[in-house]
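Chemist: Next come the chains, spelled out residue by residue.
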Amino acid sequence: MTNAIEIENLRIDLPRSGFRKRVPVINDLNLCIEEGEAVGLVGESGSGKSMTTRAIMHLLPDGAQRSGSVRYRGQEIADFDRRTLALYRSRDLGVIFQDPRAHINPLWTIGDFLVEAVVANRQMLRAEATDRAIALLAQVGISNGSQRIQQYPHQLSGGLLQRVMIVSALMPSPAFILADEISTALDVTVQSEVMAILSELRQSNRLGMLFITHDLDLAAAVTDRLAIMYAGSIVEVGPSHEISTAPKHPYTAALMASRPSLTEVRRLQTVPGRPISAFEAGNGCVFASRCSFAAARCSVERPLARQEKDRSVACHFAADLAPAISVAASQ
Amino acid sequence: MTGLLEVRNLRKAFQVKGADGLEELVALEDLSFDLARGSSLAVVGESGSGKTTLARIIAGLQPATSGSVTFDGKPLAPPRRLVDRIARAREIQMVFQDPFGSLDPIQRLGSSLEEILNLHYPGDRAWRRRRVDELLEQVGLSQEFRERTPRSLSGGQRQRFAIAKAIALEPRLIVLDECVSALDVSVQAQVLNLLSDLRQALGISYLFVSHDLAVVRQVCDQCLVMQFGKLVEMGPTQLVLNAPQEPYTKSLLAAVPRPGWRPSKRTQVHQ
Numbered sequence: 001m002t003n004a005i006e007i008e009n010l011r012i013d014l015p016r017s018g019f020r021k022r023v024p025v026i027n028d029l030n031l032c033i034e035e036g037e038a039v040g041l042v043g044e045s046g047s048g049k050s051m052t053t054r055a056i057m058h059l060l061p062d063g064a065q066r067s068g069s070v071r072y073r074g075q076e077i078a079d080f081d082r083r084t085l086a087l088y089r090s091r092d093l094g095v096i097f098q099d100p101r102a103h104i105n106p107l108w109t110i111g112d113f114l115v116e117a118v119v120a121n122r123q124m125l126r127a128e129a130t131d132r133a134i135a136l137l138a139q140v141g142i143s144n145g146s147q148r149i150q151q152y153p154h155q156l157s158g159g160l161l162q163r164v165m166i167v168s169a170l171m172p173s174p175a176f177i178l179a180d181e182i183s184t185a186l187d188v189t190v191q192s193e194v195m196a197i198l199s200e201l202r203q204s205n206r207l208g209m210l211f212i213t214h215d216l217d218l219a220a221a222v223t224d225r226l227a228i229m230y231a232g233s234i235v236e237v238g239p240s241h242e243i244s245t246a247p248k249h250p251y252t253a254a255l256m257a258s259r260p261s262l263t264e265v266r267r268l269q270t271v272p273g274r275p276i277s278a279f280e281a282g283n284g285c286v287f288a289s290r291c292s293f294a295a296a297r298c299s300v301e302r303p304l305a306r307q308e309k310d311r312s313v314a315c316h317f318a319a320d321l322a323p324a325i326s327v328a329a330s331q
Numbered sequence: 001m002t003g004l005l006e007v008r009n010l011r012k013a014f015q016v017k018g019a020d021g022l023e024e025l026v027a028l029e030d031l032s033f034d035l036a037r038g039s040s041l042a043v044v045g046e047s048g049s050g051k052t053t054l055a056r057i058i059a060g061l062q063p064a065t066s067g068s069v070t071f072d073g074k075p076l077a078p079p080r081r082l083v084d085r086i087a088r089a090r091e092i093q094m095v096f097q098d099p100f101g102s103l104d105p106i107q108r109l110g111s112s113l114e115e116i117l118n119l120h121y122p123g124d125r126a127w128r129r130r131r132v133d134e135l136l137e138q139v140g141l142s143q144e145f146r147e148r149t150p151r152s153l154s155g156g157q158r159q160r161f162a163i164a165k166a167i168a169l170e171p172r173l174i175v176l177d178e179c180v181s182a183l184d185v186s187v188q189a190q191v192l193n194l195l196s197d198l199r200q201a202l203g204i205s206y207l208f209v210s211h212d213l214a215v216v217r218q219v220c221d222q223c224l225v226m227q228f229g230k231l232v233e234m235g236p237t238q239l240v241l242n243a244p245q246e247p248y249t250k251s252l253l254a255a256v257p258r259p260g261w262r263p264s265k266r267t268q269v270h271q
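If you read the sequences in order, they're chains X and W. Reading the first sequence from the start, the letters are residues 1 to 331 in the working numbering. Reading the second sequence from the start, the letters are residues 1 to 271 in the working numbering.
To be clear, the hints were calculated from the coordinates, so they are not data collected in a lab. Heads up, some of the hints might be wrong.
Take a look, some chain W residues computed to stay more than 12 Å from chain X by CB distance [what the hints assert, rightly or not]:
1) GLY45
2) GLU147
3) CYS220
Pair by pair, the computed Cβ-Cβ distance ranges are [as the list claims (entries may be wrong)]:
4) GLU308/X to ALA36/W: 38 to 46 Å
5) GLN150/X to ARG108/W: 52 to 60 Å
6) GLN150/X to GLY101/W: 52 to 60 Å
7) PHE228/W to ALA78/X: 47 to 55 Å
8) SER264/W to MET57/X: 26 to 34 Å
9) ALA322/X to GLN200/W: 49 to 57 Å
10) ARG108/W to GLY273/X: 38 to 46 Å
In this text, a Cβ means the ideal position worked out from N, Cα and C, and glycines have one as well.
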C-alpha cells in the first residue's frame, strides 16, 4: 500500500498575544494515511486537530512557522508552485467543515455553490457539473436535486446542508477527504445518517479520509485507524477497534473513562485540570501534568512513540501500565 | 414527595414571518408534567423540539401562550415588578450553555457573587465574604479565584462559576440548559460529578435540558422526551433509556455512538 498523506516531524509555531516569540501549537507530529484508508484524529480543544487539517491543506494562519514535512503521494506540498497547490487543494482534497452555514455563501443558490469550483478549475462544463451535482445529491439521499439546486442555504436544514457540503467536497472526484468535526453541530439521528452516507461513498470510491472529532466512539465506528492527539502531539495510534477497546496510553484511557455511559450510572473518573495546548506542555510528556500514573521522569523527558506491531504509544511506562490502564478504561 | 413544579397544558406559539404574512410557529403544544421535590428531571430532544423554550418559560424569561406552571403550589407567571423578579431569583436559577457568553468577562468572581448576595441579603459584610468562600469551595474553585475574572478562566472553570452563582441564593430549582455540551469530555466529567454532588448535598431540584442521553443518565432520575414541542415519553431515566416505549425514543438511542456502534441511514422520511 502506498501512502496518500505522510506527515513527518511536523511542528507549527504561531504568534500569540502576550508572548514575545511564536509558540508551538503542533509539536513533532507523525502520521501516515494510506490510499483509501480512513484515519480518525481524536482530541480535545487546543490539541491541534484543526491545525493539522490546515497543515495538510497548506493553509496556515498568517505568521505561522512550519518545519518538518507534509507529503501528498510522495510530493512535499510546501514545494508545490501556486498552480499545483491550487489544483491540489481543489481537485485532490475534498474538505468538509464543522459548520456548513459558515462555509457557504448565503446569497448563492445551492447549485451555483456546487458547480463553482469544478467549472472554475476547468474540470467540467457547467451543464455537466450540474448533472453531476444532481447525481451526487441523490447519492446522499436528496432525491429532488433539480429543485434543491435552485434553493438558497437558509431554506435547508442543518442536516441537509451538511449533505450538500459532502457533495461539494466530492464534486471534483478527490482522492482524499478532510472532515473536520463535520457532525458536531448535527442532531444524533442526523449525524448517524450523514456518517452512514459518507462511509458508503468513501468505500465505493475508495477515498482516503482524515476524520477529525472529539468523539472517540464516533471516530472508532467510521475509521480504520485512530490517532489520539493531546497538546499538539499524537500520543497513541492503532487500529480503531483496538484503541477503543484496549487503549494503551493513559490519556486515551482517561478520555474513555470520563465519558458517561448510556447503559449504567457510575461515578465518572475525572482528569484533573483542563486540556492544555502544546506551548504549555514543557519538556516532559504532554500529558504529565494531568496523568494519574505520572512519575518524575515524565515531567522532564518527552517520551518517543514506541511502535509495537500496528500500535504506537508515546508513554514511558506503556508496557508496565497495561494492566492498570485497561482497568481504568473499563471503569 | 410532592410536586415542586406542575406544568399543565403548556403552549407556546411564536409569530413568524412566512410566505403569506405572519404564521404561527408552535414551539410547545399541550405539555403537562410534574417535577417532584428534590428530583432531577431531564428534558431531552433534538434541535427544534422546544426544550429550550420550555426551560426559558420555567425560568421566567419568557411568557407562555397558554397553560399553567405551578411552583410549590403557587402559579408561576413571568415576573413583572422588580420585587417579583428578586423573589423568583431565590426560588429558581438558570445555568446557560455558553459559559463564554453568559458571564460578565471583567467582573471579578468574588465581587460578582457578593453583588448577588448583597442584593438579596443586604448588610453583614463578614457573612457575605464567608459565603463567597463557601460557594467557591462548593464548586471546586480555590480562594485565589475570588480575584480572577471570567475572561481569564477556562470553559470548565467558567461553568463551575456559573453554577456557584446559581446556588448562591439556595434556590429550590435550577434550570440547566445544555450546560455541559460546550465542554471537553474530560472537563465535562468534572462538572457532571459536581452537579450530582451538589444535588445530594443541597437537595436542589434540576430541570436539565440536554440532547445527550448519556449525560442525562448520569445526573437525572426522571426523563422527559420531546419532539416537535410535544411530550413523547416520560418516566424514570433508567426505564426510558433501558426500555423505551416510543419509536422516537428508540431512534434517538440507536443513533448514539458507542463501542461497536455503526452509523445507519434513518428509515423515517427526512423533510
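Chemist: Would the non-interface assignment of GLU147/W survive a Cβ cutoff of 12 Å against chain X?
Modeler: holds, 19 Å
Chemist: Taking the Cβ atom of SER264/W and the Cβ atom of MET57/X, is their distance within the range 26 to 34 Å?
Modeler: Holds - the Cβ-Cβ distance for SER264/W and MET57/X, about 31 Å, lies within 26 to 34 Å.
Chemist: May I ask you to test the hint 52 to 60 Å on the CB atoms belonging to GLN150/X and ARG108/W?
Modeler: holds, 54 Å
Chemist: Is the nearest CB of chain X more than 12 Å from the CB of GLY45/W?
Modeler: About 9 Å separates GLY45/W from the closest Cβ of chain X, which leaves it inside 12 Å; violated.
Chemist: Could one say that the CB atoms of GLN150/X and GLY101/W fall in the range 52 to 60 Å?
Modeler: violated, 36 Å
Chemist: Using the beta carbons of ARG108/W and GLY273/X, state whether their distance is inside 38 to 46 Å or not.
Modeler: violated, 22 Å
Chemist: Can you tell me whether the CB distance of PHE228/W to ALA78/X sits inside 47 to 55 Å?
Modeler: 52 Å Cβ-Cβ, so the 47 to 55 Å window holds.
Chemist: I want to verify a distance hint. Is the separation of the beta carbons of GLU308/X and ALA36/W within 38 to 46 Å?
Modeler: At 53 Å between Cβs, range violated.
Chemist: So CYS220/W supposedly isn't at the interface. Is its beta-carbon more than 12 Å from every beta-carbon in chain X?
Modeler: Non-interface label on CYS220/W violated, nearest chain X Cβ at 10 Å vs cutoff 12 Å.
Chemist: Against the range 49 to 57 Å, how does the distance between the Cβ atoms of ALA322/X and GLN200/W compare: consistent or not?
Modeler: violated, 36 Å
Consistency with the previously given hints fails for numbers 1, 3, 4, 6, 9, 10, ordered from lowest to highest.
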